[in-house]
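Visitor: Given the sequences, and given the hints that come with them, work out the whole structure.
For reference, the chains in residue letters:
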Amino acid sequence: MSDQPGTCSHCGKQQSVSRIEINQSGVVQELQLCPSCLKILFSDMDKFLSPAPASAPCPACGSGWDEIKKARRLGCPDCWSHFSAEIDALRDKKGTQPAYRGKVPARLGRVGAETAERDSLRQQLHQAVSAEEYEKAAQLRDRLKQLEGQA
Amino acid sequence: MSFPLKTGHWRQEGGSQQDVAVSTRVRLARSLPRLPYPHRLTPDQGDRLWEGVGTALNRLDLHGPWTAFALPELTGLQRRLLVERRYLDAASPHCRGLFAGPGEKLVVSVGEEDHLRLQSWSAGLELDRTWRAADLLDSALDGPLAFAADPRRGYLNSTFKQSGNGLKASVLLHLPGADQSGILDKVFMTAESQGLSLRGLWADDQSSLGHLFQLSSPTAGLRSETEVLDNLVTLADQVITLERKAREIFALRQSVELKDRVGRAQGILRYAATLGYEEAVRLLSDLRFGVSAGIISDIGLPILDACLYLVQRGHMEWFSGKEGRATDEFRAAFVKKAVFESSGGEHV
Chain Y
1 MSDQPGTCSH CGKQQSVSRI EINQSGVVQE LQLCPSCLKI LFSDMDKFLS
51 PAPASAPCPA CGSGWDEIKK ARRLGCPDCW SHFSAEIDAL RDKKGTQPAY
101 RGKVPARLGR VGAETAERDS LRQQLHQAVS AEEYEKAAQL RDRLKQLEGQ
151 A
Chain A
1 MSFPLKTGHW RQEGGSQQDV AVSTRVRLAR SLPRLPYPHR LTPDQGDRLW
51 EGVGTALNRL DLHGPWTAFA LPELTGLQRR LLVERRYLDA ASPHCRGLFA
101 GPGEKLVVSV GEEDHLRLQS WSAGLELDRT WRAADLLDSA LDGPLAFAAD
151 PRRGYLNSTF KQSGNGLKAS VLLHLPGADQ SGILDKVFMT AESQGLSLRG
201 LWADDQSSLG HLFQLSSPTA GLRSETEVLD NLVTLADQVI TLERKAREIF
251 ALRQSVELKD RVGRAQGILR YAATLGYEEA VRLLSDLRFG VSAGIISDIG
301 LPILDACLYL VQRGHMEWFS GKEGRATDEF RAAFVKKAVF ESSGGEHV
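Quick mapping for you: the protein sequence lines, in order, are chains Y and A.
Throughout the first sequence, residue numbering follows the numbering used here, covering 1 to 151 in sequence.
Throughout the second sequence, residue numbering follows the numbering used here, covering 1 to 348 in sequence.
Don't read these hints as lab results, they were simulated from the structure.
Among these hints, one or two may not hold up.
Capping the alpha-carbon separation at 25 Å, the derived lysine to any residue pairs in SDA-like fashion look like this [said to hold, decoys possible]:
1) Y:Lys136 with A:Gln238
2) Y:Lys69 with A:Leu222
3) A:Lys161 with Y:Ala56
4) Y:Lys145 with A:Pro151
5) Y:Lys93 with A:Leu222
6) Y:Lys70 with A:Arg152
7) Y:Lys93 with A:Arg152
8) A:Lys336 with A:Gly300
9) A:Lys161 with Y:Gln123
10) A:Lys161 with Y:Asp92
11) A:Lys161 with A:Arg40
12) Y:Lys70 with A:Thr219
13) Y:Lys70 with A:Pro93
14) Y:Lys69 with A:Asp150
15) Y:Lys70 with A:Leu222
16) A:Lys161 with Y:Cys61
17) Y:Lys94 with A:Pro151
18) A:Lys161 with Y:Ala99
19) Y:Lys93 with A:Ser193
20) Y:Lys70 with A:Arg34
21) Y:Lys93 with A:Gly195
22) A:Lys161 with Y:Leu90
23) Y:Lys94 with A:Arg152
24) Y:Lys69 with Y:Ser55
25) A:Lys245 with A:Arg264
26) Y:Lys69 with A:Thr219
27) A:Lys161 with Y:Pro59
28) Y:Lys93 with A:Asp150
29) Y:Lys94 with A:Asn231
30) Y:Lys70 with A:Thr42
31) Y:Lys94 with A:Pro218
32) Y:Lys94 with A:Gln194
33) Y:Lys69 with A:Ser92
34) A:Lys337 with A:Arg261
35) Y:Lys145 with A:Asn231
36) Y:Lys69 with A:Lys161
37) Y:Lys93 with A:Pro218
Listed next, with one range per pair, are the computed distances between beta-carbon atoms [to be verified]:
38) A:Gln194 with Y:Gln97: 13 to 23 Å
39) Y:Tyr134 with A:Tyr277: 54 to 64 Å
40) Y:Arg72 with A:Ser197: 13 to 23 Å
Being a predicted model, the structure only gives us computed values, none of them experimental.
C-beta atoms are modelled at their ideal positions from N, C-alpha and C, and glycine is treated no differently.
Guide: Written as structure tokens, this is what we have:
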């Protein structure tokens, strides 16, 4: 965010004071906002997001995004990659999603249970340090070291 | 077609904390790539899915032999047995059937909401063991079937809700103490605050026939299996401790009432000439309480747990050989024989 001269790109009336870039699933949108519109942006981001373009149906099964969104059910596993951006946008609406920490097949790389446990320990360690629970943090750190030693 | 109802069943293997924990189930939802999800499958694709899963299972070195229960080949009653055993959801219109491993410890249903549902069952509270069995089968099946998955999203199933780890774990608990002392509300609230659910086994709400309740993890999600299972086992342990305390207080303050109830249950189950379903479940539950409280010593918990589901209508019809005509008279004779006249649960 940096100061820029010009009128607000949202209300078109007042002097803009900030330039903001919104990266919506790879589509970058630039906004120049006045202080009051900037305030609205932080309270209701949706007003500033441009609707995502309608995607073509899934080439593998023919399911359309509207149909999937309505039924909350995909047509086939290929829908996941074909509608990846739409799925991410839908998820982002619910707030920041944590990273996936569960099992994946061994053939996709070693992101198995141990990695997941390490991630979880790191997160717990961070929380313990923030909460100044140093005894717990020390235990978590030792367990983490032990796991990292095995890897 | 044979329908195995014999020894070697998971219910007879025993498990920990069985005075309160009846059974443990771990379920993994998995899907195959390049195949529409069950609600969009053509009959041909459905046949291919069914055959592919059967072939893959039978080629595994471990776990077999598998018994196939193809729904189109089963009678209405046979389907009902699978639903009563909770291996199939009654409402899954696209389901092709299921494969059951030895002792029904592992069950793979095909074409419910997702292509596969791997289920692992144990008696008692055995989350670790039950999870490991499911995990092992999952990894073994991934060889031939190469499940649809993505390092960022996890397993790609038909709904957002079922994707990610695809895991759902649950423990069936017998809670006569907590239920009757009114402290169950607290347990419901604790479970909910931790994202877990506690539901009556039969009633699907906060009341349950026979004081049987199912404590479940959230459906799938992005968390690691270890986190999910740790969370569930921690709460299950807390509920079990609470239940034991409630039972102790009950036994201390109302010892005559407890003995009377257990005695009456025993008397009716042994001598009644007819037995309705709900009555049977209530009495078996009282008897179970009596056995775990040490009031009765010559009856084992496994046979009572087996009877608790065997007294359902479908199983009674199956055992009596009279489809659509199982009677309360048959149920009374069946329970009497199973609980008081046989040494083990051969009918499990």
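Visitor: All hints are to be evaluated individually against the structure, with a verdict given for each.
Guide: Hints, one by one, checked against the model:
1. With a C-alpha separation of about 21 Å, the suggested pair Y:Lys136 and A:Gln238 falls inside the 25 Å cut-off, and the hint holds.
2. Of the pairs offered as hints, the one joining Y:Lys69 and A:Leu222 holds, with about 20 Å between alpha carbons and a cut-off of 25 Å not exceeded.
3. For the suggested pair A:Lys161 and Y:Ala56, the alpha carbons sit about 24 Å apart, so the restraint of at most 25 Å is met.
4. A threshold of 25 Å between alpha carbons decides the hint, and for Y:Lys145 with A:Pro151 the separation of about 24 Å falls inside it, so the pair holds.
5. A threshold of 25 Å between alpha carbons decides the hint, and for Y:Lys93 with A:Leu222 the separation of about 16 Å falls inside it, so the pair holds.
6. Proximity of Y:Lys70 to A:Arg152 is assessed by CA-CA distance (about 24 Å); at most 25 Å being required, the pair is judged to hold.
7. A distance of roughly 18 Å separates the Cα atoms of Y:Lys93 and A:Arg152; the hinted pair therefore holds under the 25 Å criterion.
8. With a C-alpha separation of about 14 Å, the suggested pair A:Lys336 and A:Gly300 falls inside the 25 Å cut-off, and the hint holds.
9. Distance check on the hinted pair: A:Lys161 and Y:Gln123 sit about 24 Å apart at the alpha-carbon level, within 25 Å; holds.
10. Distance restraint check for A:Lys161 and Y:Asp92: the Cα-Cα separation of roughly 15 Å lies within the 25 Å cut-off, and the hinted pair is therefore satisfied.
11. Between A:Lys161 and A:Arg40 the CA atoms are separated by roughly 18 Å; this keeps the pair inside 25 Å, and the hint holds.
12. This hinted pair checks out: Y:Lys70 and A:Thr219 have alpha carbons roughly 20 Å apart, not beyond 25 Å.
13. A threshold of 25 Å between alpha carbons decides the hint, and for Y:Lys70 with A:Pro93 the separation of about 20 Å falls inside it, so the pair holds.
14. Straight-line distance between C-alpha atoms of Y:Lys69 and A:Asp150 comes to about 20 Å, which keeps the hinted pair within the 25 Å bound.
15. Using a Cα cut-off of 25 Å, the hinted pair Y:Lys70 and A:Leu222 holds, with the two alpha carbons roughly 22 Å apart.
16. For a cut-off of 25 Å, the pair hint linking A:Lys161 to Y:Cys61 stands: about 20 Å separates their Cα positions.
17. With a CA separation close to 21 Å, the supplied pair Y:Lys94 and A:Pro151 stays within the 25 Å bound.
18. With a C-alpha separation of about 16 Å, the suggested pairing of A:Lys161 with Y:Ala99 holds against the 25 Å cut-off.
19. As the CA atoms of Y:Lys93 and A:Ser193 are separated by approximately 23 Å, the hinted pair is consistent with the 25 Å bound.
20. Pair hint Y:Lys70 plus A:Arg34 holds up; C-alpha atoms about 23 Å apart against a cutoff of 25 Å.
21. Taking the CA atoms of Y:Lys93 and A:Gly195, the gap is near 20 Å; set against the 25 Å cutoff, the hint holds.
22. Of the pairs offered as hints, the one joining A:Lys161 and Y:Leu90 holds, with about 13 Å between alpha carbons and a cut-off of 25 Å not exceeded.
23. The suggested pairing of Y:Lys94 with A:Arg152 holds, with an alpha-carbon distance near 17 Å, which does not exceed 25 Å.
24. For the suggested pair Y:Lys69 and Y:Ser55, the alpha carbons sit about 12 Å apart, so the restraint of at most 25 Å is met.
25. Taken as a hint, the A:Lys245 and A:Arg264 pair is honoured in the structure, with Cα atoms around 24 Å apart against an allowance of 25 Å.
26. Annotation: proposed proximity of Y:Lys69 to A:Thr219 holds, straight-line Cα distance about 19 Å (limit 25 Å).
27. Under the criterion of a C-alpha separation no larger than 25 Å, the hint pairing A:Lys161 with Y:Pro59 is consistent with the structure, at around 23 Å.
28. Only pairs whose Cα atoms come within 25 Å are accepted, and Y:Lys93 paired with A:Asp150 is accepted, the gap being roughly 21 Å.
29. Only pairs whose Cα atoms come within 25 Å are accepted, and Y:Lys94 paired with A:Asn231 is accepted, the gap being roughly 23 Å.
30. With a CA separation close to 22 Å, the supplied pair Y:Lys70 and A:Thr42 stays within the 25 Å bound.
31. A hinted pair counts as satisfied when its Cα atoms are at most 25 Å apart, and Y:Lys94 with A:Pro218 qualifies at roughly 17 Å.
32. At most 25 Å may separate the alpha-carbon atoms for a hinted pair to count; Y:Lys94 and A:Gln194 meet this at roughly 19 Å.
33. Between Y:Lys69 and A:Ser92 the CA atoms are separated by roughly 21 Å; this keeps the pair inside 25 Å, and the hint holds.
34. This hinted pair checks out: A:Lys337 and A:Arg261 have alpha carbons roughly 21 Å apart, not beyond 25 Å.
35. Of the pairs offered as hints, the one joining Y:Lys145 and A:Asn231 holds, with about 23 Å between alpha carbons and a cut-off of 25 Å not exceeded.
36. A threshold of 25 Å between alpha carbons decides the hint, and for Y:Lys69 with A:Lys161 the separation of about 13 Å falls inside it, so the pair holds.
37. Under the criterion of a C-alpha separation no larger than 25 Å, the hint pairing Y:Lys93 with A:Pro218 is consistent with the structure, at around 21 Å.
38. The given range of 13 to 23 Å is respected by A:Gln194 and Y:Gln97, whose C-beta atoms sit roughly 20 Å from each other.
39. A hinted range of 54 to 64 Å for the beta carbons of Y:Tyr134 and A:Tyr277 is consistent with their spacing of about 58 Å.
40. Look at Y:Arg72 against A:Ser197: about 19 Å separates their beta carbons, and that is inside 13 to 23 Å.
The structure agrees with every numbered hint stated previously.
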